[in-house]
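The task is simple: from the sequences and hints, build the whole structure.
The listed protein sequences derive, respectively, from chains X and S. If you're matching positions, the first sequence starts at 1 in the UniProt record's numbering and goes up one per residue. If you're matching positions, the second sequence starts at 1 in the UniProt record's numbering and goes up one per residue.
Please note that a few of the clues may not be correct.
Listed next, with one range per pair, are the computed distances between beta-carbon atoms [said to hold, decoys possible]:
1. X:106 / S:153: 46 to 56 Å
2. S:47 / X:103: 35 to 45 Å
3. X:120 / S:55: 31 to 41 Å
4. X:221 / S:190: 48 to 58 Å
5. S:134 / X:165: 48 to 58 Å
6. X:128 / S:47: 36 to 46 Å
7. X:103 / S:31: 21 to 31 Å
8. S:269 / X:222: 29 to 39 Å
9. X:128 / S:269: 21 to 31 Å
Chain S side only, calculated, beta carbon under 8 Å to chain X, not exhaustive [to be verified]:
10. 17
11. 21
12. 25
13. 105
14. 108
It is worth saying that the hints were derived from the structure and are not from the lab. What you are looking at is a predicted structure, and each value in this text was computed from that prediction instead of being measured. All residues carry an ideal CB built from backbone N, CA and C; glycine is no exception.
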Amino acid sequence: MIEIRNLYKRYHNHHGSNWVLRDINLVIPDGVSVGIVGRNGSGKSTLLRIIGGMDSPSRGDIVRNARVSWPIGLAGGFQGSMTGRQNVKFVARIHGAGRDVTEIIRRVEDFAEIGPSFDEPVKTYSSGMRSRLAFGLSLAFEFDVYLSDEATAVGDRAFKAKATQAFKERIGQASLIMVSHSEGILKDLCQAGVLLEGGRATWYDDINDAIGTYHDMTDKKRA
Amino acid sequence: MANELTAKTRNSRSPLRVTWSVWHALFMREAISRTMADRMAWFWMLFEPIALIAVMIAVRTFIMGGRQIAGADFVPWMIVGLLGFMLFRENMMRAIGAVDANKGLFAYRQVKPIDPVLVRCFLEGMLKTLVFLVFIAIGSLLGIDLIPDHPLGVMFDWLSLWALGWGAGLTLSVASSLIPEIGRVVRIASLPLLIISGVILPLNYLPHSIQQYLLWNPIPHGLESMRLSFFDGYRALPGIDMTYLWLWALSLLALGLILHLRFAQRLKAQ
Numbered sequence: 001m002i003e004i005r006n007l008y009k010r011y012h013n014h015h016g017s018n019w020v021l022r023d024i025n026l027v028i029p030d031g032v033s034v035g036i037v038g039r040n041g042s043g044k045s046t047l048l049r050i051i052g053g054m055d056s057p058s059r060g061d062i063v064r065n066a067r068v069s070w071p072i073g074l075a076g077g078f079q080g081s082m083t084g085r086q087n088v089k090f091v092a093r094i095h096g097a098g099r100d101v102t103e104i105i106r107r108v109e110d111f112a113e114i115g116p117s118f119d120e121p122v123k124t125y126s127s128g129m130r131s132r133l134a135f136g137l138s139l140a141f142e143f144d145v146y147l148s149d150e151a152t153a154v155g156d157r158a159f160k161a162k163a164t165q166a167f168k169e170r171i172g173q174a175s176l177i178m179v180s181h182s183e184g185i186l187k188d189l190c191q192a193g194v195l196l197e198g199g200r201a202t203w204y205d206d207i208n209d210a211i212g213t214y215h216d217m218t219d220k221k222r223a
Numbered sequence: 001m002a003n004e005l006t007a008k009t010r011n012s013r014s015p016l017r018v019t020w021s022v023w024h025a026l027f028m029r030e031a032i033s034r035t036m037a038d039r040m041a042w043f044w045m046l047f048e049p050i051a052l053i054a055v056m057i058a059v060r061t062f063i064m065g066g067r068q069i070a071g072a073d074f075v076p077w078m079i080v081g082l083l084g085f086m087l088f089r090e091n092m093m094r095a096i097g098a099v100d101a102n103k104g105l106f107a108y109r110q111v112k113p114i115d116p117v118l119v120r121c122f123l124e125g126m127l128k129t130l131v132f133l134v135f136i137a138i139g140s141l142l143g144i145d146l147i148p149d150h151p152l153g154v155m156f157d158w159l160s161l162w163a164l165g166w167g168a169g170l171t172l173s174v175a176s177s178l179i180p181e182i183g184r185v186v187r188i189a190s191l192p193l194l195i196i197s198g199v200i201l202p203l204n205y206l207p208h209s210i211q212q213y214l215l216w217n218p219i220p221h222g223l224e225s226m227r228l229s230f231f232d233g234y235r236a237l238p239g240i241d242m243t244y245l246w247l248w249a250l251s252l253l254a255l256g257l258i259l260h261l262r263f264a265q266r267l268k269a270q
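Written out as structure tokens, the structure reads:
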């Protein structure tokens with residue numbers, strides 16, 4: 001279970017500081033996968049980073065009673081000058097893999113299917129290759145909750161199918177909190193939804209309601 | 001297939017174990033990028049101080065003519081001072097870059113900004129110690145008197161300079177990440193620091209009134225003390241005091257740790 005209480009977040013910059021997230025109160029039960037929807041810049045990734053412990057809230061608390069992954073996605077997570085293999089090795093080591101490191105490397109290499117590029121520096125990767133590696137890497141560890149920040153957005157068709165498949169096989173043991181703009185995948189993998197608007201979050205027990213409200217909102221704005 | 005992909009992760013590890021895993025992982029990463037990334041990395045590690053020493057000897061011969069240093073041969077005197085100074089400077093400089101160079105890895109909440117700084121300083125000290133030992137070995141083979149008269153004293157002075165560099169690195173790694181200009185100023189200041197620390201030119205020749213101010217700088221305390229441990233008959237700068245150096249080192253270490261605690265989140269978020 002992940003509980004978020006009165007969470008506020010702002011970033012300081014030269015032009016003052018606006019609240020990105022305002023008074024978020026959420027309880028995410030075990031085993032429920034949640035899709036986060038909202039416009040660009042509405043704080044989706046920030047919320048995910050805070051849940052993942054990469055960033056800390058300006059005010060409020062977050063309680064994690066589960067093993068939570070790092071936010072899997074395009075931004076961050078890899079050191080560009082290191083090769084794919086070295087990055088995987090590094091992450092396996094900080095997660096205390098010990099002797100399993102070689103096994104984890106082999107599995108990630110198999111899953112990512114990026115061939116000889118696995119031994120090239122990550123900065124030379126295309127975004128698709130990065131996301132393959134990131135995804136394969138996160139699946140090599142057993143988490144209760146996986147955080148995905150558009151992790152599958154840039155993958156090709158085969159990879160998307162593979163990733164979706166891999167997650168479906170984990171339902172029951174693990175859940176997912178994902179930010180995505182592809183609604184098909186959200187509907188496919190998530191049960192509940194969170195809509196972020198103006199820094200505030202609304203919980204929907206059904207992801208379809210969240211997406212529906214989000215559509216109404218954007219349509220109204222356009223009209 | 002998913003289960004096949006799963007590897008065991010310990011359910012909950014103690015904070016100490018997590019930190020230890022992070023240090024181990026970072027150490028392996030830093031050690032590889034430091035020694036293997038560049039084809040010539042090992043060569044430069046030795047050649048850089050050799051070239052620097054050669055240049056300094058040329059400069060000194062040009063400026064000072066034949067004046068001697070009381071109680072020590074010039075070349076070993078210079079090697080000891082320069083390697084001691086480089087131990088301090090490299091620790092400080094590498095630490096400044098450490099936070100920035102590992103930014104991509106802060107995505108994992110186990111990694112704190114202080115970890116790469118500590119690991120880098122440790123690695124740098126080990127490498128510099130190795131280089132120093134190689135210098136002593138090669139120098140002795142070449143007939144340069146580089147065998148310390150008081151090895152234990154040298155070790156203590158070496159550790160003191162390391163601690164000083166470590167403290168400066170910890171403090172400046174935060175300061176320069178928050179205010180990038182500080183990193184630039186430190187880089188500019190490193191050459192004058194080399195001169196006023198008495199690495200190339202002995203401070204003994206300066207008038208007492210100037211010496212007093214130069215002794216505010218903790219580095220010459222360590223360098224002169226190390227030379228004294230190396231060469232029994234060496235006439236060191238009067239007024240050197242290792243307690244003063246350790247006061248600086250411990251204060252900087254404490255300040256650095258406090259700054260890292262205070263600004264950990266901001267360093268991560270940048």
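Exercise for the section: Find the hints from earlier in the document that the structure breaks and name them by number, from lowest to highest. Expected result: Of the numbered hints, all hold.
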